[in-house]
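Enquirer: Next come the chains, spelled out residue by residue.
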Amino acid sequence: MTATDIAGSPREGWRPTGRTIAQWVFFPLFFLTLLTLILLPVLILVLGSFLSEPPRALQIDLGGLTLNNYREVIADPEFLLMLANTVKAAVMGTLGAVFVGIVLAWMVSRTNVPGRKFIEYSAVLPMMMPPLVGAFAWDILGSPQSGILNILYRSTGLEGGINLYSMAGICFVFIIYYSPYVFLFTTAALKNADASLEEAAAMCGAGRLRVVLQITLPLVLPAILSAALMVLVLLIEIFAIPAVLAETAHIKFISVQIWKMIGFAPPKVNQASALGVMLITITIVLVMVQHKLTSKQSFVTVSGKGSRPRVMEFGGIRWLFSGIAFTYLMIAVILPYFALLFISTKGSLFFSTASQMLDTSDLTLDYFREAMRDPIITHSLINTLLVCAGTVVIGVVLYFAIAYVVHKTALRGRRLIDIISVIPIAVPGLIIGLGYLWSWISIPIGLYGTLMIIILAYVSQFTPQGSRAIGGSLIQIHKELEESSRMCGGGFFYTMRRVVIPLCMPGIFAAMVLLLVLSFRELATALFLYTAKTQVFSLVMLDMWLRGSTNYVAVLAIFQVSVLLVIYIAGSILRQRSDRSA
Amino acid sequence: MKLRSWIGLGLSAALLATSSQVVLAQNADALNVEGEQIGTPELLAAACKEGQVVYYTGQSDADERAIVKTFEARFPCVKVSVVSAATGRLYERVQTEAQANQRYVDVLMFSDEVLAAKLIEAGFVEDWMPPSDAAYGDTYKVKGKWYAGSGQVMYPVYNKNLVQGDDIPKGWKDLANPKFKGKFGFFPISVGGTSWMTYAFLIDRFGEDFLKELKAQQPKMFTTYNTVMLNLARGESEIGVSSSVNEYVVRVKQNAPVVPVHPEEGVPFIKMVMMQMKGAKNPNAGELFGNWYLSKEGQTSVVNVRGATSARLDVDAAPGNPPLADLKPWALSNKEMVEQYEALIKKVEAIII
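The listed protein sequences derive, respectively, from chains G and X. If you count by this note's numbering, then the first sequence holds residues 98 to 679, one letter each, in order. If you count by this note's numbering, then the second sequence holds residues 146 to 498, one letter each, in order.
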């Protein structure tokens, strides 16, 4: 089989060709894998939303078909309010994240702002903090009465302060933890965008602002729209931040309602599935809107031609830009880390005045010592690292195959693969775990109760992010390179090994780091799948939080963030080495 | 093989046999827990052969692991695998595992008696008569099926830094003091068996109108009792209703400025329902573990680790907590609860969500 065969060059005769084998042997097997891994758990959830009894272990009673679950969800007097809150917070959070992400991306890639390399590395650091930990840290910093910032503020004799228990507060935390997604997408697009158009505009007399608004922004609009869509979808589904900050503010969210429906007694899993299906529908509509919007961008010129990005030379104002960026990063990165460190070393977190808060007599490292001696924490850390490794190994192979089939072949049905691969992002992690439990427990290969079921659930859950990270690199590889290899006698696997994979390494590295980070911090998916032997780190942290052991939560959060930082730094170093050797 | 080797081998075998006898004898002694015989030597031998218990629990994972350490120290041949989750999630797992015929759990304990009744009705629960059956009153068991392996009471709690003098609450009615409007932490009935029993108690003692008074207080409605307590302890609320277990953790173990109120009118007692599962892989180890959990030693461990309240009257309260009798516990029988369950939820949700 050769690359061209798979790419679909026509052949005469009835003898099986590479393409025929790919189409009728490889493709059905691949489709079956994705069906089991991604589609089955989602379909079972959708089906469950139309049944009166949960389709546990694939035991489906079609006699119980009903729309009552939807009726019940919609009849909830607070449903519309919850929907409005969810959408409002997600839209405001997305707009804020897009603004912050674009400004920072523009600063680091198109200006001479001092410290831009540092800003570039720091801007993604909030991603290393899982949303639950981030919300917890901001709760410690910004709760109205006992928040560290408010206590310090009031100690100056002033009244008032900030209130994180509000819609504005929730959106603020959304922005901090989701602007890195926009930053990453936009920076990459800005660095790849052809600068000649901007230069031409400048030579024709366009001012800086006009160049930015009328040339640069439209050039990277598809990337911004993709990032905005992803952030919007993630914010519609997010549970951890509303769970920590919204209850006190009397603000109800759909994700928290799903959590209640599944965890509370009696559990309302069919109604939770109905709510989940509604979120899936919203996501699908958004994806279609985005597709329609981006497909009209015929003037987009993002390419791999390798032109140098045009840097705008600013005078004294560049220091102001730098100051703004560093102040933001101080707020978004340093303050939450400081809050965690403070709480993890403070004997009591129940202080109400500055003097109580700044009293150093009860500072202690006991929580760290006890956490490090706890075998459960060590055990869960090892489990998590094993799950991360498994997710990366299986995930990268699967995502590469998906990206290759979608972008580099002419196989019939590849659009279907593309659509299937994006579905998991539409399903809230809180209920997809239920889908895995209901469907995979019946597969007679002894998956249930093992680490492998958690690994496969993560592989399935992160398919959109992983396959797109690799797909982005694959698209940039010209078809001619594969054809040249074939012309020189290289077979399919040789071309893969010597041409495609080496050229795709930046995307593969990006997917690996992303998978490591996502699988280390994932919380909701494993809730229905773990056992005593397969408990993961984030679940231990959740248990501590539910138990009220706040100091230990802070200690574990510091462990978690530290490990993720190491992964991120190691990934960055590897990527740089790979870039240099390429 | 030389003669010396044969002699060595023989001596080793004899030593091994002797030491096994010693271990067995020690284990048999272990069955006597503070004067209670919690099983037969045959049960112990079978439990040791199985070697482990899979225990699903609605109590905190960290707490349960601390509790089972005492059991594992007494019976080193049996290890306990703890899986902790919210009651609704445990129920869904148990149902799915049973329907898939993959019985993973041996012993189950959660906070909802009505869900327990559903599991019994579905035939998923094994008959079980622990030796300590007589120590549990009729309200705290469904004889031969489940027993209150743990318990907690619900009561008002206030922040002593913020609530002082005449404002200090003395009973449930003080929750409706207008001074606490918007500063009152509470929870909806939908949280589960614990909240259901609390609302049942409030209606039983004070009538439905009292719920309307509470609604008028614009309570902050939390989905976990832990967040009620943390919010209160940090001064974001001034008063609230919480579980004694969550209150105990922050007051005794973290020195929080919170004070529980023990009202004259009594407090609702919430049972954690413990049962043995049918078709379990480790039925003997499960039974031994369950018998120990309900023993005085097991209950003392539950009480001391997490400030829980035992339904056994011969078990002392946790340090810093009053005896159960002084709290005037109130509870419905399982029959009453099952009968009233749905209707009460509808009644309450029409007033306060």
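A hint or two may mislead.
Derived list of chain G stretches under chain X, where covered just means 3 residues or more per stretch with a C-beta under 8 Å from a C-beta of chain X [as the list claims (entries may be wrong)]:
| no. | stretch |
| --- | --- |
| 1 | 350–357 |
| 2 | 368–377 |
| 3 | 639–649 |
Computed list of lysine-lysine pairs in DSBU-like fashion (alpha-carbon distance at most 30 Å, straight line) [claimed, not checked]:
| no. | chain 1 | residue 1 | chain 2 | residue 2 |
| --- | --- | --- | --- | --- |
| 4 | X | 473 | X | 492 |
| 5 | X | 473 | G | 630 |
| 6 | X | 360 | G | 185 |
| 7 | X | 398 | G | 443 |
| 8 | X | 224 | X | 214 |
| 9 | G | 185 | G | 389 |
| 10 | X | 398 | X | 290 |
| 11 | X | 360 | G | 505 |
| 12 | G | 630 | X | 360 |
| 13 | X | 492 | G | 630 |
Pair by pair, the computed Cβ-Cβ distance ranges are [stated by the list, open to error]:
| no. | chain 1 | residue 1 | chain 2 | residue 2 | range |
| --- | --- | --- | --- | --- | --- |
| 14 | G | 173 | X | 354 | 35 to 43 Å |
| 15 | G | 473 | X | 180 | 42 to 50 Å |
| 16 | G | 672 | X | 398 | 44 to 52 Å |
By construction, these hints were calculated from the structure, which means they are not laboratory data. Don't be surprised by glycine CBs; every beta carbon is placed ideally from N, CA and C.
Enquirer: Against the structure, test the hints numbered earlier, and report the numbers of the ones violated in rising order.
Expert: Hint check: 2, 5, 10, 11, 12, 13, 14, 15 fail, others pass.
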